[in-house]
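A.B. asks: Residue strings, one per chain:
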Amino acid sequence: MSATGHHRYVSADLRVREDRRFVAGKGNFVADIELPNMKHVAVVTCPHAAARIKAIDKRAALAMPGVHYVLDGAELAAATLPLMTGLDTPNVPRRPLAFETARYSGEWVAAVVADTRALAEDAAEAIEIDYEALPFVLDAEQALEKGGPLVHEAHGSNVLLDKTFVWGEVEKDFAASPRKLSLRVKWGRSSTVPIETFGVVASWDPWREMLDVHASIQMPRYADQIGVALKIPTTSVRVHYDVDVGGSYGVKRGIKHTVLCGYLTRRLGFPVRLIEDRLENMRGGDAHGPERLFDVEVAFDDQGIVRSMKMRALENVGAYAGRSPFQLGKPIGAIVGPYKINSVEYRAIAVVTNKTTQDAVRGFGQGPTNLALERCMDEIANVLGLDPLEVRQRNLIRHDEFPYLIPSGTTYDSGNYETVIGKVLADTGYDELKAERDRLRGEGKLAGIGIAACLEPSGGNATFEALLNPAITTSTFMDSCRINIDGLGAITATMHTTSSGQGHETLLGTVIGEVLQVDPEIVRVTRPDSLNSLPSGTPVGSRMAIMLGGAAYHAAHKLKDKLTAIGAHDLGIPLARALYKDGTVSDREAPQNKRSWAELVQIAYRNYHRMPEGFEPGLSVEHVYQVPTGGTLPTKDGRVQMYPCFSFEFHLLLIAIDPDLGTPEIVRYRLGHDCGTQINPKIVRGMTMGGIAHGIGAALFEEFAYNDDGQLIAQTFMDYLLPSSHEVPAVDIVDHETPSPYTVLGQKGSGESGYLGAPAAIANAINDAIRPLGIAINTLPIKVSKLGDLIAEASSKKGN
Amino acid sequence: MRIELKVNGMLRTIEVEPRTTLLDCLRDVLDLKGAHAGCEHGVCGACTVLFDGVAVRACLMFAAQAAGSEITTVEGITPGPGELSPIQDAFCETHGTQCGYCTPAMVLVAHALLADNPAPTREEIVEAISGNICRCTGYAQIVEAIALAAEHMRGVNRPPSLTK
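Residue numbers (my numbering), protein chains in the order written: chain H, 16 to 815; chain X, 2 to 165.
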């Protein structure tokens, strides 16, 4: 089966099998799981941006009916190890409950266990904590200044990471370029904010020495990290992967919640459950996303050809490391976007502040980087008086130049950017769009066209870890599939992680059905628990279609090969003469001689005397799949191959802004999207539309805003605004398929599509709209209030 | 306190605290897990149930307030074990769901909409679901699901002479 050949089930418009249970309300979410004698946890949070914990008075809480226990940070810290961060920063320990010092408003300080969640919340209010407020810092640039408050005093500074990479002759290219431009761009602190909060149920069985964990989790090495932190063998941790996760997009990494509950169930002897309420989730769930300040300089010529770029990215990671510093690393693998930029200098700085800890967010830092790059492309066009589309087209990597090596050491697999853009423009007509913009302007509106041409690195080769922390030598990134045909011929395939809406069961069924030429619907997909699982990197880095799909493809081929060999042997013909088709093996030279599926199964399970010599009985295979193009570590000069595949998205939209209110309305939205072979078009479309909606939120509405006292002031859905159906316009998606040469079916990733370009396109459209007023805005989110004020100020100046 | 609730056509007598929300009562007391807690402050809509046929937030009312009214949950509009209603089937056909967390509420909102308006426009569908946040789909395939369900349901029971 070739990547470009005709498929039977792959790319067909098949239903998504998971949907049936969800439309009936029969998902198995963590809050639906009830264990006998299960108790409930609520947490007590610090009201200060930074404070020393002087005393915790638990007496009143413990005296309340139904209350079983109050846990503080001192007890937990004595019994457990700090959580893994991936950085060599031993003096920045992260723990589930604050120990001695709390470092952000909302940080968890104590946990109450009671018969019901309501009683636990009542008791949490009765706990009296004596705090000594400490100086704090909220702003990343202030955190860099010497002499200011230190978030972790023992660390000696607020800097967790400060690394500079130079790929190519940057200074020479800058000197040789007649034009330079610098731009400061800020990505505001937002996140993915799933509608289901994080939750975990932990249950310790002291007789079997087994910790059973059901959680709303999406995280690599979860079971390992639980075992390490609780100081129990990983063979005593059993994570149940058959829990449906109610949305994640990266952030469902409740390791601190899990270690807390794991400790409590071991301490107390009954199952405990912690389901975050929305306030706990937004304030103390440690699930914020990037807050990144870019200073970008680009060197180019009069034609707009970009020769070189210097990018400084300053990340405000919040109070503890989490996964955030590494989110400065992933964009290195696509640092030049879809453009032929000859050399790059990149400085990545991560500082701690007294804000909520971050975790992985859709795109792992790629969205902010794409924003910075795409804002630059527009500004280059602006200073040269060129069309922004034309500037991009002049810089694009062309189809015949792939595979294409970028300065930072990654080779892009494939692409046909000019064709995707051409397809989008063929239907929309760029001139027509400009005419519509000008017509809107004529009607007194502010109107602008926004473009973004962006890449989605996919496949999850996370060697940025080794790049940012040389102590890490991980070059293995894998996923696995086991397939079993049982004694009656029925097929079961396994996957070894949770899903949060990506349709992985459908993915497995489709790929296995395709290879074995059987109806995907008959392939049962199960999820063994962590102790019975093969390795999985979990659904991060837009990797599952590539990695789980790849593992399933290879496992299915192993089975097909075994079935073919059994058939050939039983037919008494050489293997080369045997033909596998639709589950039957026949003799190519005498097609009437054949062995049916049932006969092959009969031989494998019950007729060992008919099996080829040396074959294992039965029909069980497994495949552990290493990421394509992976397996290398960074060179000394900081170059490395990261993700194997690069999907492309081209956003073209028209925004009209009410000049009096500042309300932006997306009038037209057209997207060109190329993620190679689409295994399930319904899923790809859903991911892409969801990504665009999420991108609209990041661009216009969503921000974890803090006041000057360090209090998070957007901590409900009334002040942290998620786009509703009114805010998401109809989007016309134009598909194109440039297969990846590195994947089994030509597929690339699409789990982050839409989100990686929508904010940049929206920011560009708004800037195009307000440019006639002589103003610009380079800080996301561009809230209506901010935009309205800016326009009013500029208009009044202009009017004067 | 003891209250009588009529849920999915069955009269149930249950014991709840006065402060128990309808959502907690449905999930924890009546074991109807299809209504989900998302924000518990009335914004996300994941807890939506039908209250005398009208879509309401179960997190914003007490169980006791529902006494004497007809409550319908997603379990109540599912025809039978393993069987889907035309609306649920349409959500499957267009893939109007991903993680499934907001989905039962979306299905109920669609149910309420189509009971009143068998041929809604796109704008009417968008308006109907605008109180329910979906973080996965960007809404497009939900809107299409409801439009498709409406089309299918309009076709049901039509005289053959009127069916194209």
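These are computed hints drawn from the structure, not numbers from a lab. Each hint should be verified, as a subset may be incorrect.
Claimed, not checked - FRET-style restraints, in silico, Cβ to Cβ:
1. X:83 / H:442: 50 to 56 Å
2. X:54 / H:449: 46 to 52 Å
3. X:116 / H:450: 40 to 46 Å
4. H:43 / X:80: 20 to 26 Å
5. H:283 / X:30: 22 to 28 Å
6. H:140 / X:81: 15 to 21 Å
7. X:81 / H:450: 52 to 58 Å
8. X:11 / H:223: 35 to 41 Å
What the hints assert, rightly or not - Here are some chain H residues the structure puts well away from chain X; computed CB gaps all over 12 Å:
9. 49
10. 70
11. 131
12. 207
13. 209
14. 259
15. 437
16. 707
17. 734
Ideal Cβ positions, reconstructed from N, Cα and C, are used throughout, including at glycine.
A.B. asks: Does each hint hold? Answer for all of them.
C.D. replies: Results for each hint:
no.: 1; hint: X:83 / H:442: 50 to 56 Å; in the structure: 42 Å, violated
no.: 2; hint: X:54 / H:449: 46 to 52 Å; in the structure: 49 Å, holds
no.: 3; hint: X:116 / H:450: 40 to 46 Å; in the structure: 44 Å, holds
no.: 4; hint: H:43 / X:80: 20 to 26 Å; in the structure: 21 Å, holds
no.: 5; hint: H:283 / X:30: 22 to 28 Å; in the structure: 25 Å, holds
no.: 6; hint: H:140 / X:81: 15 to 21 Å; in the structure: 45 Å, violated
no.: 7; hint: X:81 / H:450: 52 to 58 Å; in the structure: 56 Å, holds
no.: 8; hint: X:11 / H:223: 35 to 41 Å; in the structure: 40 Å, holds
no.: 9; hint: 49; in the structure: 9 Å, violated
no.: 10; hint: 70; in the structure: 31 Å, holds
no.: 11; hint: 131; in the structure: 8 Å, violated
no.: 12; hint: 207; in the structure: 7 Å, violated
no.: 13; hint: 209; in the structure: 6 Å, violated
no.: 14; hint: 259; in the structure: 6 Å, violated
no.: 15; hint: 437; in the structure: 24 Å, holds
no.: 16; hint: 707; in the structure: 6 Å, violated
no.: 17; hint: 734; in the structure: 10 Å, violated
In summary, the structure is inconsistent with hints 1, 6, 9, 11, 12, 13, 14, 16, 17 from the numbered list given earlier, while agreeing with the others.
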